[in-house]
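Going down the list, the sequences are from chains A and B.
In this text, residue positions in the first sequence follow the working numbering: the first is 1, and each later residue adds one.
In this text, residue positions in the second sequence follow the working numbering: the first is 1, and each later residue adds one.
Derived from the structure by calculation, the hints contain no laboratory data.
Virtual Cβ for every residue (Gly too), placed ideally from N, Cα, C.
There's no promise every hint is true.
Stated by the list, open to error - Here are the computed distance ranges between Cβ atoms for each label pair: (1) B:MET425 <-> A:GLY174: 55 to 61 Å; (2) B:TRP127 <-> A:ASP90: 51 to 57 Å; (3) B:GLU445 <-> A:ASP76: 48 to 54 Å; (4) A:ASP76 <-> B:LEU123: 54 to 60 Å; (5) B:PHE412 <-> A:ASN29: 41 to 47 Å; (6) A:TRP252 <-> B:ARG167: 27 to 33 Å; (7) A:GLN115 <-> B:LEU6: 54 to 60 Å.
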Amino acid sequence: MLKEHSSSGIEARDVTKTFGSVTAVRNLNLQVAPGTLFGFLGPNGSGKSTTVKLLTGLLAPTKGEVLVAGHTVSPDNIDLRRVIGLLPEDAALFHSLTIWEHLELSGPLYGLSRQDTRARAIQLLRHLDLERDSGTYIDQASYGMRKKCALAMALLHNPRILFLDEPFEGIDPGSSRNIKDLLLTLAARGVTVFVTSHILEVVERLIEQFAIIIRGEVVCCQTVADVQRAGMTLEDVYFQHAGKPSVGNLAWLGSH
Amino acid sequence: MAGIALILEYQWRAFWRRVARTRQRVQFYLTLFALLGWAFVAMLPARLARAADELSAGQTTSMEAVLWAFYVLWLFAPVEDANVSLTSRRLRTYPVDVGRLLIVRTLSVFCSPVALLIAAGSLISLWPFLFARQTALGGAAALLLFASAFGFGMSASHVLSVGELRRSLLAPLAVIGVALGAVLFTRGPQGIEQLRLVAAVSPPHLVSAVSVAATLSAAVIPLLTLVAVSAAVGGLLFWSFRRSVFAQSDKHALGRAADSVLWFPGRFGGLVRKEQHEFRKLLDLWLGLLLVLAVGIASLFGPLPPIVRQAIIVIVFVMNTHVIMNCFGLNTGAELTRYSILPLRGRDVLLIKNLGLTVNVAAQLALLILIAVWRSGPIEAVAEVLVAAVLLLSHLAWGNLVSVTSPFKMQFYRFASSGQPLTAMAGSTIGSAPGVIVLFMLHSESSWSAAMIAAVLLLSLAVYLVSLHHSGRSFERRRHVIGERLS
């Protein structure tokens, strides 16, 4: 049994998740200190999003335990949901609502007054360059707008820990820059940020520590400073573990 | 044509794969197959034999009834297109013109076993025409009838999928239809006679008129009328399909103005507004509203007995059964994830859904209650509110349980479906029983009536609270299963 404490860190011990005969995550052990910007990297289908779901209580592990912000993670732990912010893989938005309405309904659910919700929502939308599109229905919004809306929802209640699943995917350069600045500021203020991403150049300049997951198993966990001291880049380390396919077999492409 | 065949091949494959993957869908088709099959095997042969006898004697009553039944079935057959995977909008990205897209859309409906069963039954129902005077013309006219019903049903589903057409075409037509119906109803026998006159020019009547025509020339006028109707339906079909495929979605739809004034208090307020907004996109609720509207118009011509209004309340709840019993049916897996991200317990989510439904039901019944105050006084109105409250609690209690155990994917601007016809029948019976008891007690002379009504109300409330708690826990455990079933 993990001991509960009032930190803002993440701790996972021997976490395994199986779906029938498929093991999506195997013996995951992680320790993320409070205020860390942590990158969780890996190819498609390696288990990144499943890990995020396990760490946030959206999925119950088959084996093992997780402690987040002093709370034992389980799907019915409401107190945990109040202190974390989550940007899920699919944004998890309601198709019949506008971007503004998503924020408007979120705030009071986290105990914010309507006035505070509105004030914060306006600031977040402005920061994420969504102000002009706040009246757009989610099912008519672009992919990037949906991501930004879900990010604003994750931030609205001022969480102690942020879980961001592919936050830079589909985001324009300007907003991407704003989000990076915001995450750095949050980490400096003690908020733990757990981010998954495929865009290695972006996360390399953002994160302090990272883990690489391949086929459900964490194969590497180190700091960016260590990588740089070894004269390597994050991309070098990533391909060391993930491998790199050759384009030689696709010679027919472009041969008109 | 090769392209169409290829798309249909994959359509067929995707449809049946989807059926095979969802146990519920298999159950749904088996139940529907059993019900329709039973009707075809047990009832149709005798009906057709009688129709054949009558047609040979120049009479059309039984044949017309059979034609009406299949006419209605064909009107609703296109509903099955909601289950196809390769939708016209998605196929638009391929180099396929609108005409071919329409062919794909039309033939895709026949991936469904329900549509195939209706087609088989329709072909069998042509048999009595062998005994009619105009065998070939009668059969051809019947095929034209089925095709035009199918085309009309498809056109209606296209119109329903375009917001602008829903508001500017369908809504006024529905209100005019209901108003005319209510006026005819209040006229009594005279109104029924006028309805008979309308039925005399109905397409099924025209088909039977063609089949029993004494001479070829006598068959020409009804046949030409049918051809004209079918041509008009064909035009409507092509126009509505084109509109639905190329409809541009408005980023700031007109509906927002009405929505922005709706506000619900409390921390759940925002979600309640969302739920009521989504539920009111199901046709069942609008059908109930139209029924209440019809009663309202009929009340203008004279007072209706309170029992009629109270019975209408029960009927409205029965019409709402599918919506209440499948409150997650409009959600996607991603939306269920959002419920889990938000600090909400399962019972909170269900309570929010229930409040959203309650707002819509209140809007449905408001006119009826106002009429009760106007025509029968506030005491009668309170009695009707009591009936509605008991019905609401009992329907929600049962509906919450079914919603978490048997979720079924529903589509916006369609009729709701709770998947299992037998479960729906059981649900509407169980949900309506306490309301019917209250109704009975309201009209009984017993001195215990008030106490009995209070007891039923309290019992319904207690059952609802237990159901809310139990279903809430169940939702927390089964969220992923529900998400998968709705995918």
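Exercise. Against which earlier hints does the structure fall short, listed by number upward?
Worked result: Per hint list: single violation, 6.
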